[in-house]
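A.B. asks: The residues making up each chain are set out below.
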Amino acid sequence: MVKLCSTILLLLLLISILTPYIPIYGEISPHERPDTASTELDPVSLSSFYVLLFRAALGTENLNLTSLTLLFKYVGLPSEILYIVNRLNNLILKVYSEINQTSILLERAKLLIEFKVYDEAYEVLDKARLHLYNANKTSFEIELAINELRSRLEKYIVNPNDPRLVNTSEEIRDSINRLHELINELLNKLYKLSYEAESGINEQAPWLLTTFISIHTNVTEIKVGRDIEVYGQLYCAKEPLPNRKIDIISPFANLSVFTDEDGYYRAIIHVFNYYRPKATIDVFYKPTGEDRNHFRSAHNKTTINVLYIKTRLIVDAPKFVYPGLPAYVSVLIFPWFSGVSRKVAIYIDNETLFDGYVNSSKSSFKLFINDTTTIGPHVLKVYVYPYMEYSDAMYISILTVTYKGIILAVDVDNSFVVYPLGKFNVYGRVMDVDGNPLVNETIEIKVANRVYLLSTNLNGEFNVSIDAPFTFGDCYITVTFKPVEKWYPIVSKQVKVTVMNVTSSIVVIVFLVGMLFFFRRYPIRLPKIPVQKPKPYITYKPKYTATTSKVDTIKSFINKWVIFKGIGRIIPIYKAVVEKISSVVGLPKPSDTIREYYRRVESHIKPVKDEFWKLTLYTEYELYSGKQVKESMIEEATKLKEVILRVFRR
Amino acid sequence: MSSEDKLSVSKFMIIVGVITAGLLVLYVPPAVDFSITNPFWNGYTVVSDRLNATVIDKPLTFPIKNPNKIVIITIPYSKYIDLEIENLKNFVKNGGTLIILDDYGYANQILRAFGDYVTIINNTMLVDSLFNYRNGRLPKIIEFSEDPDVANITQVVFNHASVLYILSPKVKVLAYSSSFSFLDDNLNGICDPGECKGPFPVIAKFTYGSGVVYVISDPSFLLNSMIDIGDNYKLILNLVKDKSVWIDQYHLKGNIHYQIRKYIVTVVNWLLHPYISPYITAVFMMSILIMIMRVMRKRGVS
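Residue numbers (the working numbering), protein chains in the order written: chain C, 707 to 1356; chain L, 122 to 423.
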């Protein structure tokens, strides 16, 4: 007793302590232990991310490569992958930077060649060559790194033929090819410019005099919106060159001025629409006319600091908007200078929704979302144009166009109806999520093959009385809310009624009764089974020989069959059946068990083999179980016997 | 040993067994998910201690004073009765803050009562195959809205989370899963065709009366083993601000151990009540005295 109590107590304790580890909440486990959680990696997602990265690097998508690369710190990566991923990211950033540098230098070289400053252009092209060489080298390193990453990812790939994996791999391969093409394009450009520079140098006559040009500005720092004075002198062998054309190239404006009698030039440049910290102003002297036979070109440059105020933009836009309904977007622009107006443009997927001026720092916009706008994510862009020293600003986010939620309540007043006279009411209410009734909306009710169209009343309610449909049993009624407004979704609900179909019931009953009478009058006569002469299955010949009749012989043999050691209530039934079967099929061996006998005769008594098998089992039960047989078994055995004997009689 | 001796030994052993079992039940902490008495990885002891939280271990039917100074954190894994829901609504309406943490959709009962602005999707799991902590089932949330509640948050790590379905423009979404996330309906960890792809809202808030309701699609981010990962703790600090925190433990799904322990603790607390304990001590002393007197009488000491 004590032991039992203690065991139960301890078991209860054990079970209760172990219970929380058995999921009881549902199919999904509520959590897993983070410190022992398995480290897994999805190569498809990682590849997709690299596709984005390459698109950003190649400029095919408006994405910021640096910010994308920064996201890698949130990517769950196993330690063995981490090194190669970091290396690959650095290489991508490097190639991006080298290509950018090359492009900038090639542009500069082009400008210098245009003004025939060949020597300087050549130097710039030299620098560009170095960057391009690095870019090319890095692109091959990227290929190696990708191959290395691919080999390390192999063990994480579950299905190498996964179409997503195949697609991303192909896209990465295409990106690498495009990278090589881009480098080749830059290389061609470089060759072309180098040729032009070299030709220019060679074409220049050696006796031409070198000219010099100086450049100065009145200030070293300038605010956007103000004017800057650029001046300098053009001279050759300390002699000023008067009345010569000077080209001034700046990010704000390109202009030409002439030198005065002392070779001095002066220009006022209005600094505008430039919001970077530094700006370079170039001055060129390109000999024209007779000068081409006397002077070489000259170039000089200066860098100034640009002062501007960076405009900041905070946009409060709903993440979800509805087709056909207005969306409210508030825009906060700061810093704000009182008394000014700033031009703002708002776009959805490059379609202009607003383009105008705002007069205060905080503005609200009511944007109309077209009712044909597709459901799904769209790009919202808010752009603030620059104004004086205030820079421009851009905000980009994802706006999801979705349906506005509705509540459709449907019920029936009577879930059990009788056909043909029964009726039931389907009623319900449609509201938006704020509980406002949706008035005059279309409701479609489908019952079996019938369709009812209703409209909601002022309370958003609908009600219809429907005749019981011609079905039997459960009938599902589909109630569909079909909104006029595009911002509401089509919503369906089903309610169930059970139909008691009197007509069909009567028809079935009449049919059954008719069948009953018919078969009583014209009973089915089963075709007679032709008596087949059973094949003798045994070569054994009993040592008992018939003395009086065949039946006597069989009876006496069966009585002497070794297995029947006692007298029961089923055994006599079985004996009677065996007598019959033996007379047709053949006698059992003295050593046969009753089951062996069954196996032996099974194929010869096909119409009643199941019945005989059942009887065999009952007999076995009586012979060997040592238990009292039940009355039901005896009754069953008697029935089986009758069935078997009836067939044998035929 | 005589039969009388055997009986007394049996009695003694039963008493010892019951006391031992009681002590075991009392002192072995129950490993119930999200329980503030569970110091293991899946408990809430750390967050409870750090926030100095008050535990609610009875139905939320009692009146709550100064709601604007209180934050209730609830994991509604068992059903709320209508009275509790009404009480919660009044609490929020009068300026209280309610933080609902749920990943199974059990909270939808409460959310319906608050106007059905947001629903927690059930029978699915948020998996982020790229931005995650160890594996996709532990997704990292890295996209946050411009809102002071999530201003200094850069990443929050969830654990077998769900997502929110926003039904009303009144709801402000504070955080989204990444565009690499998806709803793993068949829980095979792979984004199969037909499974919804992210980003999905995972943290949202809406105002009700003069209070605010925060809905977070995962209660596991505050587990003892999760709270120091990412900015999980910072997030809950941002949401509770400097208010006093109440953690609802009544609506958790406990186990047998937890239930028995709860009853034993209730009985012990009742026995130790200042009005009860003197009587208990007196009864105890008297029974000892009677025992001593019986022994002395047996020995013939008058």
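What the hints contain is simulated information worked out from the structure, not anything from laboratory work.
Where hints are given, some of them may not hold.
[Claimed, not checked] One-sided and incomplete, this derived list gives chain C residues near chain L with beta-carbon spacing under 8 Å:
{"id": "1", "residue": "P740"}
{"id": "2", "residue": "G782"}
{"id": "3", "residue": "S785"}
{"id": "4", "residue": "E786"}
{"id": "5", "residue": "I787"}
{"id": "6", "residue": "Y789"}
{"id": "7", "residue": "Y862"}
{"id": "8", "residue": "D1022"}
{"id": "9", "residue": "P1029"}
{"id": "10", "residue": "P1032"}
[Unchecked claim] Once the Cα atoms are required to be at most 20 Å apart in a straight line, the calculated SDA-like pairs of lysine to any residue come out as:
{"id": "11", "chain 1": "C", "residue 1": "K1202", "chain 2": "C", "residue 2": "V1190"}
{"id": "12", "chain 1": "L", "residue 1": "K214", "chain 2": "L", "residue 2": "D203"}
{"id": "13", "chain 1": "C", "residue 1": "K1202", "chain 2": "C", "residue 2": "G1274"}
{"id": "14", "chain 1": "C", "residue 1": "K1281", "chain 2": "C", "residue 2": "L1222"}
{"id": "15", "chain 1": "L", "residue 1": "K318", "chain 2": "C", "residue 2": "Y1228"}
{"id": "16", "chain 1": "L", "residue 1": "K318", "chain 2": "C", "residue 2": "I1104"}
{"id": "17", "chain 1": "L", "residue 1": "K291", "chain 2": "C", "residue 2": "E738"}
{"id": "18", "chain 1": "C", "residue 1": "K1199", "chain 2": "L", "residue 2": "N359"}
{"id": "19", "chain 1": "C", "residue 1": "K1347", "chain 2": "C", "residue 2": "S1297"}
{"id": "20", "chain 1": "C", "residue 1": "K1049", "chain 2": "C", "residue 2": "G1141"}
{"id": "21", "chain 1": "C", "residue 1": "K1087", "chain 2": "C", "residue 2": "V1116"}
{"id": "22", "chain 1": "C", "residue 1": "K1315", "chain 2": "C", "residue 2": "Q1334"}
{"id": "23", "chain 1": "L", "residue 1": "K293", "chain 2": "L", "residue 2": "I263"}
{"id": "24", "chain 1": "L", "residue 1": "K291", "chain 2": "C", "residue 2": "Y1327"}
{"id": "25", "chain 1": "L", "residue 1": "K291", "chain 2": "C", "residue 2": "S1070"}
{"id": "26", "chain 1": "L", "residue 1": "K374", "chain 2": "C", "residue 2": "K1087"}
{"id": "27", "chain 1": "C", "residue 1": "K779", "chain 2": "L", "residue 2": "N273"}
{"id": "28", "chain 1": "L", "residue 1": "K318", "chain 2": "C", "residue 2": "G1082"}
{"id": "29", "chain 1": "L", "residue 1": "K291", "chain 2": "C", "residue 2": "S1289"}
{"id": "30", "chain 1": "L", "residue 1": "K293", "chain 2": "C", "residue 2": "L1031"}
Source: prediction; values computed, not measured.
Virtual Cβ for every residue (Gly too), placed ideally from N, Cα, C.
A.B. asks: A separate judgement is required for each hint: does it hold in the structure or not?
C.D. replies: Tested hints:
| no. | hint | verdict |
| --- | --- | --- |
| 1 | P740 | holds, 5 Å |
| 2 | G782 | holds, 4 Å |
| 3 | S785 | violated, 11 Å |
| 4 | E786 | violated, 14 Å |
| 5 | I787 | violated, 12 Å |
| 6 | Y789 | violated, 18 Å |
| 7 | Y862 | violated, 11 Å |
| 8 | D1022 | holds, 7 Å |
| 9 | P1029 | violated, 14 Å |
| 10 | P1032 | violated, 11 Å |
| 11 | K1202(C) / V1190(C) | violated, 27 Å |
| 12 | K214(L) / D203(L) | holds, 16 Å |
| 13 | K1202(C) / G1274(C) | violated, 59 Å |
| 14 | K1281(C) / L1222(C) | violated, 38 Å |
| 15 | K318(L) / Y1228(C) | violated, 69 Å |
| 16 | K318(L) / I1104(C) | holds, 15 Å |
| 17 | K291(L) / E738(C) | violated, 34 Å |
| 18 | K1199(C) / N359(L) | violated, 41 Å |
| 19 | K1347(C) / S1297(C) | violated, 24 Å |
| 20 | K1049(C) / G1141(C) | violated, 40 Å |
| 21 | K1087(C) / V1116(C) | violated, 42 Å |
| 22 | K1315(C) / Q1334(C) | violated, 26 Å |
| 23 | K293(L) / I263(L) | holds, 17 Å |
| 24 | K291(L) / Y1327(C) | violated, 77 Å |
| 25 | K291(L) / S1070(C) | holds, 17 Å |
| 26 | K374(L) / K1087(C) | violated, 47 Å |
| 27 | K779(C) / N273(L) | holds, 17 Å |
| 28 | K318(L) / G1082(C) | holds, 11 Å |
| 29 | K291(L) / S1289(C) | violated, 93 Å |
| 30 | K293(L) / L1031(C) | holds, 18 Å |
Of the numbered hints given earlier, the model fails hints 3, 4, 5, 6, 7, 9, 10, 11, 13, 14, 15, 17, 18, 19, 20, 21, 22, 24, 26, 29; all others are met.
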